[in-house]
Amino acid sequence: MNNVKFVQGNEACVEGALYAGVDFYAGYPITPSTEIAEHLSARLPARGGKFIQMEDEIASMCAIIGASLTGHKVMTATSGPGFSLKQEAIGYACMAEIPCVIVNVQRGGPSTGNPTHVGQGDINQARWGTHGDHAIIALTASNHQDVFSMTVEAFNLAETYRTPVILLLDEAVGHMREKLVIPEAGELETVDRLRTSVPKGVDYRPYLPREDGRLPMSDFGAEHRYNVTGLYHDMWGFPSASPRVVNELLRHLIDKIDNNSNAIIRYKEKFLEDADYVLISYGSSARSAIHLAKNRREKGEKIGVLELQTIWPFPAEIVREKCAGAR
Amino acid sequence: MRRTRLVFSGSGGQGVITAAIILAEAAVIYEGMNATQSQSYGAAARGGATRSDVIISEQEINFPVVSQPNILVCLTQEAYSSFGPEIRPAGTLISDSRFVETTRKVDARQIELPMYDTVMARIGKPIVFNICVLGALIGLEGLVRPESVMKTLRERVPKDFIGMNSDALQIGLELGAPFRVAG
Chain Y
1 MNNVKFVQGN EACVEGALYA GVDFYAGYPI TPSTEIAEHL SARLPARGGK
51 FIQMEDEIAS MCAIIGASLT GHKVMTATSG PGFSLKQEAI GYACMAEIPC
101 VIVNVQRGGP STGNPTHVGQ GDINQARWGT HGDHAIIALT ASNHQDVFSM
151 TVEAFNLAET YRTPVILLLD EAVGHMREKL VIPEAGELET VDRLRTSVPK
201 GVDYRPYLPR EDGRLPMSDF GAEHRYNVTG LYHDMWGFPS ASPRVVNELL
251 RHLIDKIDNN SNAIIRYKEK FLEDADYVLI SYGSSARSAI HLAKNRREKG
301 EKIGVLELQT IWPFPAEIVR EKCAGAR
Chain E
1 MRRTRLVFSG SGGQGVITAA IILAEAAVIY EGMNATQSQS YGAAARGGAT
51 RSDVIISEQE INFPVVSQPN ILVCLTQEAY SSFGPEIRPA GTLISDSRFV
101 ETTRKVDARQ IELPMYDTVM ARIGKPIVFN ICVLGALIGL EGLVRPESVM
151 KTLRERVPKD FIGMNSDALQ IGLELGAPFR VAG
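Residue numbers (the numbering used here), protein chains in the order written: chain Y, 1 to 327; chain E, 1 to 183.
Incorrect hints may appear among the rest.
[Claimed, not checked] The calculated lysine-lysine pairs, modelled on BS3-like cross-linking and capped at a C-alpha distance of 30 Å, are: (1) Lys159(E) <-> Lys5(Y); (2) Lys50(Y) <-> Lys5(Y); (3) Lys268(Y) <-> Lys302(Y); (4) Lys5(Y) <-> Lys151(E); (5) Lys302(Y) <-> Lys270(Y); (6) Lys268(Y) <-> Lys294(Y).
[To be verified] Beta-carbon label-pair distances, calculated as ranges: (7) Ala46(Y) <-> Glu31(E): 26 to 32 Å; (8) Glu60(E) <-> Glu189(Y): 21 to 27 Å; (9) His117(Y) <-> Glu60(E): 23 to 29 Å.
[As the list claims (entries may be wrong)] Not close to chain E: a few residues of chain Y, all C-beta gaps over 10 Å, as computed: (10) Ala42; (11) Ile58; (12) Glu88; (13) Thr112; (14) Tyr204; (15) Leu215; (16) Pro216; (17) Gly221; (18) His224; (19) Gly230; (20) Gly237; (21) Pro243; (22) Asn262; (23) Ile280; (24) Lys299.
The set of hints was computed from the structure by calculation and includes no laboratory data.
Glycine included, each C-beta is placed from N, C-alpha and C at the ideal position.
This is chain Y alone, in the form it adopts within the complex:
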């Protein structure tokens, strides 16, 4: 009975983060994401983790980047204007390849918009909010069980691919209460980052990818001394403007995600087998889409729903395949 809870979506996100092993959170509370900070402020210290309320969203983003470099599993949560403020530092985390999870509980915008009502207008900001060529991973969830598992997934993907992962929730799912069953330990996979086997005193090349494209990390401030920068950099992390270095780095940043899109993409489908019309949706809108499809099916209209749980990289192949039989 103890693992059945009746909670807000934001609390489901907290439970998922704790399950995944988050041990550092820095944030600046903002509606409708505030309950994430509120609950982690109690839960993290109770299990030896760190919770810091920073002076603003930019500082929060920078703090989780620093903590991640030193070996922690990190997260921040925000909404609307706060997500805008974080963009420069998200780019830094993309460039320096620092695992981190950014939860954006979407509200109405632009600007301060509508803090207490739902919005889903940040899809392209999740993809292109920070400047320059880069790949990104963005995940979504429409119910509390999925909020939990996609939060775990966000940490797993961040640690695997050394990238910021954006979890795009929305106000309706974040604030609503419904059932959540907390899985037993071990029931869902949790991934820890790859750490270098290079011993102390040996030349560690933090930005030299392995054969499979992965970059083993070394906790900053521990065994190895190395440079971390937002500038184009060579395999030691030192700035370089060499066309060869820049080309290889940009290729690597994009390929490490694009080449693994099959492993990253998650989706759910309902009533697609015979669907004449396919509603493509995510988050709270996917709930409405399923509600509508069920009602219309009772009247004989063949409507199906494709819920995109991975929004970036965009599952173009899946959309094409699932819509092939539709009118």
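Given chain Y, put chain E in place with the hints provided.
Here is chain E on its own, set in the frame of chain Y:
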């Protein structure tokens, strides 16, 4: 399959949202049903008409907003005026006789109960008014067992306040029971 769609409405501070959460939580944790609860936020929730939507069902609940409640609870005149017209025909509208003067403009079973006055006369603390409302609702409609509400309250309420909450729930059950529809 029975699916109950409720709207709790009143003004900020009456415990409207807390009552909604406790009912839905009792249904999920102790009755094994599905439930969703959502609410209005912001300035409207602090003094104006506030509402919380609850859906209880044995099946999956997708869309969490209640558009035509079959049970509507109104604890202020403003809430009654704002949300009364939304009730589904033949639904049940429960109001507090101290705060709401009802009109006969809706096709619903309107039940006015002296919940606030009875709580003040027998317990003397307005803080448990919402639990009395919950008791009346359960007395009228069933939905969940009173024990499930008490179990939920024991998880949420400080020990010293359990007795008072239990008394309020009991008062509500007694007020609601005579209006219970058989079956």
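Would you pick out the hints that fail for this structure and give their numbers low to high? Violated hints: none at all, because every hint is consistent with the structure.
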